[in-house]
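Q: Sequence:
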Amino acid sequence: MKPARKFLHSSGKALKLEEKLSSHGVCYRRGTRTPPLYLGGTACQGFRVWEPPPGEGQLLQYVDDLLIATRTQETCVDWTVSLLNFLGLQGYRVSQKKAQMVRQTVIYLGYEVSAGQRTLGQDRKEAICQTPKPQTVKELRTFLGMTGWCRLWIYNYGLLVKPLYALIMEGSRDLQWTKDATRAFNQLKKALMSAPALGLPNVSKPFFLFSHEKQGIALGILAQNLGPYRRAVAYLSKELDTAAKGWPGCLRTVAAVAINIQEARKFTLGQKMTVLVSHTMSAVLEAKGGHWLSPQRFLKYQAILVEQDDVEIVVTNIVNPASFLSGSTGEPVIHDCLETIEATTPAAQI
Numbered sequence: 001m002k003p004a005r006k007f008l009h010s011s012g013k014a015l016k017l018e019e020k021l022s023s024h025g026v027c028y029r030r031g032t033r034t035p036p037l038y039l040g041g042t043a044c045q046g047f048r049v050w051e052p053p054p055g056e057g058q059l060l061q062y063v064d065d066l067l068i069a070t071r072t073q074e075t076c077v078d079w080t081v082s083l084l085n086f087l088g089l090q091g092y093r094v095s096q097k098k099a100q101m102v103r104q105t106v107i108y109l110g111y112e113v114s115a116g117q118r119t120l121g122q123d124r125k126e127a128i129c130q131t132p133k134p135q136t137v138k139e140l141r142t143f144l145g146m147t148g149w150c151r152l153w154i155y156n157y158g159l160l161v162k163p164l165y166a167l168i169m170e171g172s173r174d175l176q177w178t179k180d181a182t183r184a185f186n187q188l189k190k191a192l193m194s195a196p197a198l199g200l201p202n203v204s205k206p207f208f209l210f211s212h213e214k215q216g217i218a219l220g221i222l223a224q225n226l227g228p229y230r231r232a233v234a235y236l237s238k239e240l241d242t243a244a245k246g247w248p249g250c251l252r253t254v255a256a257v258a259i260n261i262q263e264a265r266k267f268t269l270g271q272k273m274t275v276l277v278s279h280t281m282s283a284v285l286e287a288k289g290g291h292w293l294s295p296q297r298f299l300k301y302q303a304i305l306v307e308q309d310d311v312e313i314v315v316t317n318i319v320n321p322a323s324f325l326s327g328s329t330g331e332p333v334i335h336d337c338l339e340t341i342e343a344t345t346p347a348a349q350i
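Numbering (the UniProt record's numbering) for the sequence shown: 1 to 350.
Mixed in with the good hints, there may be bad ones.
What the hints assert, rightly or not - Below 27 Å or equal to it, Euclidean Cα-Cα: the simulated DSSO-like pairs (lysine-lysine) are:
id: 1; residue 1: K98; residue 2: K162
id: 2; residue 1: K162; residue 2: K272
id: 3; residue 1: K162; residue 2: K189
id: 4; residue 1: K138; residue 2: K162
id: 5; residue 1: K300; residue 2: K272
id: 6; residue 1: K125; residue 2: K98
id: 7; residue 1: K205; residue 2: K162
For the record, the hints were derived by calculation from the structure and aren't laboratory data.
Using the sequences provided together with the hints, build the complete structure.
A: This is the structure we're talking about:
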């Protein structure tokens, strides 16, 4: 297996469990390795009897990875020694070459994790940005797969990749690069190299979600307060479905908010979330939703936007990400969703 990792708040270490010599009577043929999920399950049962040394800290397990967080270097050393001795007695091996011992910053799953934040590893960014322009659909899909792994760090990722997916949809094996696609390819690399550090989600603090829709893409920023400003936890970006793309702009915003809330919950874990949006969600949904939405979708949006205790929707004047993260209120925006829908929709469809 691979070595597990461990990091801490002020100092950290990483470990990865290797194959256990014998596992609850399960035999494996020589040359095979214990599946990570099975190894993770057996190790998890064993950790229930491990007693950590004194001091404030936390042991986390992700499949066959072990992560330890402590507040002081001395505590980290004590926990590390105790855990290594325990693993040895249980029949596990830890790779010394791959372990990251007592560091303030560790590399985990290609990310640089330090006190309260995570950034994309420089090696990962450089490897992606040194990729030449793809010439076939397969090569372009590979490139988009690599950048998609980093999409949480790029605010308008969905907009940037639209011209590139349009190339794939043309159907030809060899790509015919357009000016828009070339520009998007270069902008995506530039955005990747300048990707900011993201805050680690802290479920003891409330979350703020800025949401809006553009060109059929639901865009959002999930953030938490850091002093007088807000620090981004994740940049959200997801395409609306075909039906939602045909709705009036204000209803598309409703769909975008619902999508962003569902994506944000992967980080908030039920903690209070204030959603900032420049449209009156409940009024639009109640007055115009029945004309455009199926009953099933209408009930789904009501459940997400109205009936959840962890979500509070606030109408705001903020219309751009910079104002949201700086904590400013933005310029007054005069916008009536119901009037806009009626003015932009043929009478037969209202």
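Q: Decide, hint by hint, whether the structure agrees.
A: Checked hints:
1. The straight-line distance between the Cα atoms of K98 and K162 is roughly 38 Å, outside the 27 Å bound, and the hint therefore fails.
2. Between K162 and K272 the alpha-carbon distance is near 33 Å, which puts this suggested pair outside the 27 Å criterion.
3. Taking the CA atoms of K162 and K189, the gap is near 14 Å; set against the 27 Å cutoff, the hint holds.
4. For the proposed pair K138 and K162, the alpha carbon gap of about 17 Å is at most 27 Å, so the pair holds.
5. For the suggested pair K300 and K272, the alpha carbons sit about 20 Å apart, so the restraint of at most 27 Å is met.
6. A hinted pair counts as satisfied when its Cα atoms are at most 27 Å apart, and K125 with K98 qualifies at roughly 21 Å.
7. Between K205 and K162, the direct Cα distance comes to roughly 35 Å. Violation of the 27 Å bound is thereby established for this hinted pair.
Taken one by one, the earlier hints fail for this structure at numbers 1, 2 and 7, listed in ascending order.
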